[in-house]
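Using the sequences and the accompanying hints, generate a full structural model.
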Amino acid sequence: MSENVQGMTRRNLLAMVGFAAGASAMYSAMAGMGYAGTSDYTGPIKLEGDPKGTTVLVLGAGLAGMTAAYELTKAGYKVQILEYREKAGGRCWTLRGGDVYTELGDFKQEVKFAEGNYLNPGPWRIPSDHYAVLDYCKRFGVKLEPFIQINYNAYVHNTEAFGGKPQRFKEIQSDYRGQIAELLAKAVDQKKLDELVTEEDAALLIESLKKYGVLDDKLEYVKSGATSLYRGWAVDPGGGTQSAGEPSEIISLADILKGRLWNDLITGESIDHQAAIFQPVGGMDMIAQAFEKEVKDLITYNAKVTKIEGGEDGVTATWVDSNGGTEEKTAKADYCICTIPFSVLGQIEHNFGSEMSAAIDDVYYASSIKVGLEFKRRFWEQDEHIYGGISYTNTPITLISYPSTNFFSDGPGVLLSGYSWGAASYQFNAIPAEQRIEKALEYGSQIHPQMRDEFSNGVAVAWHRVPWTLGCYGEWRDMDANYANACKMDQRTLMAGEHISHLPAWQEGAILSALDAIKRLHQHVIGA
Amino acid sequence: MKRQISLAVFAAALAASASGAFAQDFVVSGSTKNLPQTEGDAIYHAVCSGCHMPEGEGAVGAGHYPALAGDAFLESPDAVIAWVLHGYKAMPPLGGIMDDAQVAAVVNYVRHNLGNNFEGETTAEDVAAAR
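Chains as they are written, first to last, in numbering that gives the first Met the number 0: chain F, 0 to 527; chain R, 0 to 130.
Treat the hints loosely; a few may be bogus.
[As the list claims (entries may be wrong)] Distance condition first, Cα-Cα at most 20 Å in a straight line; then the derived EDC-like pairs of lysine to aspartate or glutamate: (1) F/Lys292 <-> F/Asp134; (2) F/Lys107 <-> R/Glu54; (3) F/Lys185 <-> F/Asp200; (4) F/Lys86 <-> F/Asp105; (5) F/Lys164 <-> F/Asp382; (6) F/Lys185 <-> F/Glu219; (7) R/Lys32 <-> R/Asp99; (8) F/Lys217 <-> F/Asp200; (9) R/Lys88 <-> F/Asp360; (10) F/Lys487 <-> F/Asp312; (11) R/Lys88 <-> F/Glu474; (12) F/Lys328 <-> F/Asp296; (13) F/Lys45 <-> F/Glu293; (14) F/Lys518 <-> F/Glu47; (15) F/Lys487 <-> F/Glu311; (16) F/Lys190 <-> F/Asp215; (17) R/Lys88 <-> F/Glu354; (18) R/Lys32 <-> F/Glu474; (19) F/Lys111 <-> F/Asp409; (20) R/Lys32 <-> F/Glu159; (21) R/Lys88 <-> F/Asp479; (22) F/Lys164 <-> F/Glu383; (23) F/Lys107 <-> R/Glu56; (24) R/Lys88 <-> F/Glu348; (25) F/Lys169 <-> F/Asp254; (26) R/Lys88 <-> F/Asp477.
The hints are simulated quantities; they were obtained by calculation from the structure and are not laboratory data.
Treat the numbers as computed from the prediction; the structure is a model and nothing was measured.
So this is what it looks like as structure tokens:
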């Protein structure tokens, strides 16, 4: 049928239009958060049936471990948690003034942020389709506020374009869209795409492109009041005798293309960054603290697991005090939920089978760094009218994120002044914290020259130096060969954590994997 | 030219901080694929030292990073090449951020320095064959 033919042509056209977007999306995938899945969470887990006093040892008091412990306890299990650190939360972690963070190599950083300011070294955003995290926040009373992901008044910046001068997101976004729409509208109007578009669609397409790209009746995207409503005015409209608004000049498509400023225009549009997106009021670890409140009595802190041995009678974990202790203690239970990152678990003596051992060894942990800098005043708000959101740059810091809270306050503010992956993050990882901060200032100053004068203090977390994860998140070398095996019960142990999920690096993945593990554990126990 | 200027600024900042670490070239961009260093010493201190530490002494936390100083595991150049290229267990593959000559340079560095004195010179060709 001819409709099929038309359908095909429409798809081809969409594929064409989407080509640039695809490249950009691919970049952001390479930049770290490669997987954009929607959560399959449908509501609080119901574990029905009496486990008759079955005991469970949970290794790790991050979100996965605490989710498992909380729900299993509610279902009637007796649970004990061993945690390496002196507090719960794992990568759900916030640094505030007064905190001392010691990274591997015994390098210490004292956080000097003012009251109320913080850096989330790990997760910092909660997408609105991460239903499980949001549900636990609601159940535990964790207050959430909007996280501003896209700010049209923030910048896109490339050292090789526009003389290194950052450009406003709204100008590039509007001009890029408008000029692409113009090209396409003209091509259709001049019947150059007849092979691809039916006559009926062509008329509608032109009409839609006029609207979408803010084109005039000649199908042109030009300097005008109409386009200035999207890209901003040269002189803003005023009251009374003041200007009626002076339209701004358009940046040419050629300059935008060459400058690669299209690179991050859709970064905030993937389902895990779309508005609405949230953050806990006061820092990400408000979630950790809320979970910890529920399961605190079950946790043994400062417990470094040195051996895990499972068998027909249950699972025994041997541990020592994390602060250099040598006295061995043991914890024993009928079953174990192990959330220890595979980077660490692979170094712990265990008697898992060859398939599980191969799965553990298959996972390496990604490199990533975050730098938080505190400034004496909120110059990005006061001087540049940027309220929250993110500026993107091609320099090694990749972005600057402005606080989504305490707008217009006079006090100092903290910028996330670097969030890098790949080669850049390896280099940040390998230099001392004070140099990471110095580099963040050097690159950040290219976007905000005020940084040097306004700088107060900073903290830099390089994830390969984090003593309890040895990296940011788990990446499979051969997921097809090993992932399913990692999900199987072995020696009465089930693995959980972001690495055992299809939403890796996200807290949602950690919680979903824990819920899935305890569901299967419960079926096993009740069915047995 | 630009890079030289920013390097000079960085070097000055380093001198000011007097931290003892030496200045190093830095990737130009957050999406730069390969490290800019070419010498083994510089490559080591741009990547490997992040985990294995500046003197190759390793580090211990919940898990540990093996010391490379005086490590018998470094005796086989082929093994070291494979670890750098493909990683090993928690160690990430680094073949994606270094070309063959860079891998060879850093393999030679760790085998001939950090208190090690193993025989044999690794070449870019050896690395290419192991990719």
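Against the structure, the hints:
1. Pair hint F/Lys292 plus F/Asp134 holds up; C-alpha atoms about 16 Å apart against a cutoff of 20 Å.
2. For a cut-off of 20 Å, the pair hint linking F/Lys107 to R/Glu54 stands: about 18 Å separates their Cα positions.
3. Using a Cα cut-off of 20 Å, the hinted pair F/Lys185 and F/Asp200 holds, with the two alpha carbons roughly 14 Å apart.
4. Taken as a hint, the F/Lys86 and F/Asp105 pair is honoured in the structure, with Cα atoms around 19 Å apart against an allowance of 20 Å.
5. A hinted pair counts as satisfied when its Cα atoms are at most 20 Å apart, and F/Lys164 with F/Asp382 qualifies at roughly 16 Å.
6. In summary, the hint linking F/Lys185 to F/Glu219 is supported, as the alpha carbons are separated by about 8 Å, within the 20 Å threshold.
7. Restraint check for R/Lys32 and R/Asp99: the C-alpha separation of about 14 Å stays at or below 20 Å, so the hint holds.
8. This hinted pair checks out: F/Lys217 and F/Asp200 have alpha carbons roughly 19 Å apart, not beyond 20 Å.
9. Between R/Lys88 and F/Asp360 the CA atoms are separated by roughly 4 Å; this keeps the pair inside 20 Å, and the hint holds.
10. In summary, the hint linking F/Lys487 to F/Asp312 is supported, as the alpha carbons are separated by about 18 Å, within the 20 Å threshold.
11. This hinted pair checks out: R/Lys88 and F/Glu474 have alpha carbons roughly 11 Å apart, not beyond 20 Å.
12. Under the criterion of a C-alpha separation no larger than 20 Å, the hint pairing F/Lys328 with F/Asp296 is consistent with the structure, at around 18 Å.
13. Distance restraint check for F/Lys45 and F/Glu293: the Cα-Cα separation of roughly 18 Å lies within the 20 Å cut-off, and the hinted pair is therefore satisfied.
14. About 10 Å separates the Cα atoms of F/Lys518 and F/Glu47, which keeps this hinted pair within 20 Å; it holds.
15. Proximity of F/Lys487 to F/Glu311 is assessed by CA-CA distance (about 16 Å); at most 20 Å being required, the pair is judged to hold.
16. Straight-line distance between C-alpha atoms of F/Lys190 and F/Asp215 comes to about 19 Å, which keeps the hinted pair within the 20 Å bound.
17. With a C-alpha separation of about 14 Å, the suggested pairing of R/Lys88 with F/Glu354 holds against the 20 Å cut-off.
18. Using a Cα cut-off of 20 Å, the hinted pair R/Lys32 and F/Glu474 holds, with the two alpha carbons roughly 18 Å apart.
19. Of the pairs offered as hints, the one joining F/Lys111 and F/Asp409 holds, with about 18 Å between alpha carbons and a cut-off of 20 Å not exceeded.
20. For the suggested pair R/Lys32 and F/Glu159, the alpha carbons sit about 17 Å apart, so the restraint of at most 20 Å is met.
21. Only pairs whose Cα atoms come within 20 Å are accepted, and R/Lys88 paired with F/Asp479 is accepted, the gap being roughly 17 Å.
22. As the CA atoms of F/Lys164 and F/Glu383 are separated by approximately 14 Å, the hinted pair is consistent with the 20 Å bound.
23. About 17 Å separates the Cα atoms of F/Lys107 and R/Glu56, which keeps this hinted pair within 20 Å; it holds.
24. Simply put, R/Lys88 and F/Glu348 have alpha-carbon atoms about 14 Å apart, close enough for the 20 Å limit, and the pair holds.
25. Of the supplied pair hints, the one linking F/Lys169 and F/Asp254 holds, its CA atoms being roughly 15 Å apart against a limit of 20 Å.
26. A C-alpha spacing of about 12 Å is found between R/Lys88 and F/Asp477, which places the hinted pair at or below 20 Å, so the restraint holds.
Every hint from the earlier list agrees with this structure, and none is contradicted.
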